[in-house]
Amino acid sequence: MGKKLTTRSEDYSKWYNELVVKSDLAENSGVRGCMVIKPYGFAIWEKMQAGLDKMFKESGHENAYFPIFIPKSYLSKEASHVEGFAKECAVVTHYRLKNAEDGSGIVVDPEAKLEEELIVRPTSETIIWDTFRRWIQSYRDLPLLINQWANVVRWEMRTRLFLRTAEFLWQEGHTAHATREEAVKEAETILDIYSEFAEEHMAVPVIKGTKTEGERFAGAVETYCIEALMQDGKALQAGTSHFLGQNFAKAFDVKFANKEGKQDYVWATSWGVSTRLVGALIMTHSDDNGLVLPPKLAPIQVAIIPIYKGMEQLETISEKVLPLVKELRSKGISVKFDDRDTHKPGFKFNEYELKGVPVRLAIGQRDLENDTYEVARRDTLEKETVGASGIVSHIENLLLDIQENIYKKALNYREQHITRVDSYEEFKQLLESKGGFFLAHWDGTAATEEKIKEETKATIRCIPLGDKKEEGSCMVTGKPSQQRVLFAKAY
Numbered sequence: 361m362g363k364k365l366t367t368r369s370e371d372y373s374k375w376y377n378e379l380v381v382k383s384d385l386a387e388n389s390g391v392r393g394c395m396v397i398k399p400y401g402f403a404i405w406e407k408m409q410a411g412l413d414k415m416f417k418e419s420g421h422e423n424a425y426f427p428i429f430i431p432k433s434y435l436s437k438e439a440s441h442v443e444g445f446a447k448e449c450a451v452v453t454h455y456r457l458k459n460a461e462d463g464s465g466i467v468v469d470p471e472a473k474l475e476e477e478l479i480v481r482p483t484s485e486t487i488i489w490d491t492f493r494r495w496i497q498s499y500r501d502l503p504l505l506i507n508q509w510a511n512v513v514r515w516e517m518r519t520r521l522f523l524r525t526a527e528f529l530w531q532e533g534h535t536a537h538a539t540r541e542e543a544v545k546e547a548e549t550i551l552d553i554y555s556e557f558a559e560e561h562m563a564v565p566v567i568k569g570t571k572t573e574g575e576r577f578a579g580a581v582e583t584y585c586i587e588a589l590m591q592d593g594k595a596l597q598a599g600t601s602h603f604l605g606q607n608f609a610k611a612f613d614v615k616f617a618n619k620e621g622k623q624d625y626v627w628a629t630s631w632g633v634s635t636r637l638v639g640a641l642i643m644t645h646s647d648d649n650g651l652v653l654p655p656k657l658a659p660i661q662v663a664i665i666p667i668y669k670g671m672e673q674l675e676t677i678s679e680k681v682l683p684l685v686k687e688l689r690s691k692g693i694s695v696k697f698d699d700r701d702t703h704k705p706g707f708k709f710n711e712y713e714l715k716g717v718p719v720r721l722a723i724g725q726r727d728l729e730n731d732t733y734e735v736a737r738r739d740t741l742e743k744e745t746v747g748a749s750g751i752v753s754h755i756e757n758l759l760l761d762i763q764e765n766i767y768k769k770a771l772n773y774r775e776q777h778i779t780r781v782d783s784y785e786e787f788k789q790l791l792e793s794k795g796g797f798f799l800a801h802w803d804g805t806a807a808t809e810e811k812i813k814e815e816t817k818a819t820i821r822c823i824p825l826g827d828k829k830e831e832g833s834c835m836v837t838g839k840p841s842q843q844r845v846l847f848a849k850a851y
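Heads up, the sequence shown is in this note's numbering, so the first residue is 361 and it goes up one at a time.
Possibly wrong hints are sitting among the right ones.
In the DMTMM-like style, the derived pairs of lysine to aspartate or glutamate whose C-alpha atoms are separated by at most 25 Å in a straight line are [said to hold, decoys possible]:
id, residue 1, residue 2
1, Lys768, Asp782
2, Lys813, Glu792
3, Lys849, Glu370
4, Lys769, Asp552
5, Lys768, Asp552
6, Lys691, Asp701
7, Lys414, Glu556
8, Lys447, Asp462
9, Lys447, Glu556
10, Lys447, Asp648
11, Lys398, Glu422
12, Lys622, Glu756
13, Lys769, Glu573
14, Lys849, Asp592
15, Lys398, Glu573
16, Lys817, Asp501
17, Lys407, Glu711
18, Lys849, Glu378
19, Lys788, Asp592
Keep in mind that the hints were calculated from the coordinates and are not lab data.
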């Protein structure tokens with residue numbers, strides 16, 4: 361299998377693009393800026409969905425579905441929200457086509473103009489809050505904890521598979537609460553769920569924090585986020601949770617009768633992660649040989665490759681392997697016994713290495729005679745010979761070890777690339793020579809934040825949660841600062 365990849369050190373961006381395509385995750389579609397997610401890539405997303413969906417439901421959330429189209433007037437009801445998304449909206453103006461009179465093809469029927477244009481959802485706050493108005497009457501209807509798995513469209517001009525596309529898949533949670541405190545707690549709970557999923561399932565270490573006012577979600581009072589560091593020293597926002605205050609409730613007149621019988625506006629949150637997580641997974645762990653996938657999200661956790669001459673040998677190997685496949689599957693381990701006679705073993709070794717399959721077993725005539733398997737682990741590329749009698753427990757332990765090892769490797773990289781800086785000159789110099797996260801004092805003004813962004817392309821990724829307050833001076837203006845914030849160049 362021709363898997364020759366551009367190396368990360370050569371051209372990280374090109375390496376990423378090649379890897380996504382060559383490992384059969386996704387490809388560009390006939391629609392500019394949109395992607396086709398191929399079965400192997402979608403299988404990773406399905407595992408992400410399953411893991412997150414379980415966590416959402418265990419915390420009391422229910423799934424629903426809302427229309428893909430939003431009346432333009434809905435978006436106009438929350439001023440900062442529409443301003444935040446106006447430049448990215450796809451607009452439906454007509455509802456019918458017809459054949460051109462001159463026979464040149466199909467044209468839009470000018471007689472079929474919509475009375476009100478429809479927006480293809482960039483996010484669903486407005487259509488959902490119009491619905492919530494009908495669902496909420498009293499405190500007995502609260503809290504309302506709703507999630508939907510859907511697609512959204514944000515008309516991006518510069519796209520990259522998984523990381524930024526005009527259409528992408530995601531989940532978006534929308535909740536309503538009786539008090540401010542309940543809504544804030546909800547936003548923080550979801551942040552913890554995202555953080556746990558990133559670290560425990562994706563093996564991606566993240567930093568939890570809040571966004572600055574300039575980086576907040578459009579219409580939010582507070583935006584919480586998790587930030588991850590990729591192998592090229594750039595940050596990637598891996599998930600956000602927003603405390604919306606009463607902004608959307610007031611915009612859509614969503615009131616409830618409280619326990620005292622008085623009418624009040626509900627308090628809201630919204631939150632989401634997307635197929636961008638697949639991009640984060642690739643860029644955090646993969647190497648110059650291909651994907652490196654954490655076992656918990658790998659579509660195939662174990663690939664078994666027979667090495668044989670003639671069908672008789674293959675039948676003998678199959679008799680040995682099929683009970684092992686059955687036993688592994690009974691333990692919830694996904695296995696592929698690749699007995700295709702159309703590809704040689706060397707091709708298969710390369711294919712599963714490129715696709716990041718965590719564990720690969722090989723079995724040939726000598727292994728049959730010795731009652732052994734050759735076991736290769738994808739993360740370190742190490743091989744060993746293991747007796748058939750202990751192979752199942754060995755694989756179980758190996759999958760746990762690989763999950764832990766790739767997390768530790770990513771964590772070590774991040775820890776080596778968090779730098780405390782006190783001067784603007786040092787910040788600019790290290791930003792170019794080292795990259796990564798930088799902890800620096802900032803005076804809290806939008807003007808200074810914008811100056812840093814314009815001059816260095818770095819942004820404040822978050823104000824870290826849980827960090828000790830530390831008095832200091834802004835690295836740019838010298839004005840007082842109460843806490844260091846996290847800077848980085850980002851995707």
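Status of each hint after checking the structure:
no. : hint               : in the structure
1   : Lys768 with Asp782 : violated (29 Å)
2   : Lys813 with Glu792 : holds (14 Å)
3   : Lys849 with Glu370 : holds (19 Å)
4   : Lys769 with Asp552 : holds (22 Å)
5   : Lys768 with Asp552 : holds (20 Å)
6   : Lys691 with Asp701 : violated (28 Å)
7   : Lys414 with Glu556 : holds (13 Å)
8   : Lys447 with Asp462 : violated (35 Å)
9   : Lys447 with Glu556 : violated (33 Å)
10  : Lys447 with Asp648 : violated (37 Å)
11  : Lys398 with Glu422 : violated (28 Å)
12  : Lys622 with Glu756 : violated (58 Å)
13  : Lys769 with Glu573 : violated (33 Å)
14  : Lys849 with Asp592 : holds (10 Å)
15  : Lys398 with Glu573 : violated (38 Å)
16  : Lys817 with Asp501 : violated (46 Å)
17  : Lys407 with Glu711 : holds (21 Å)
18  : Lys849 with Glu378 : holds (22 Å)
19  : Lys788 with Asp592 : holds (17 Å)
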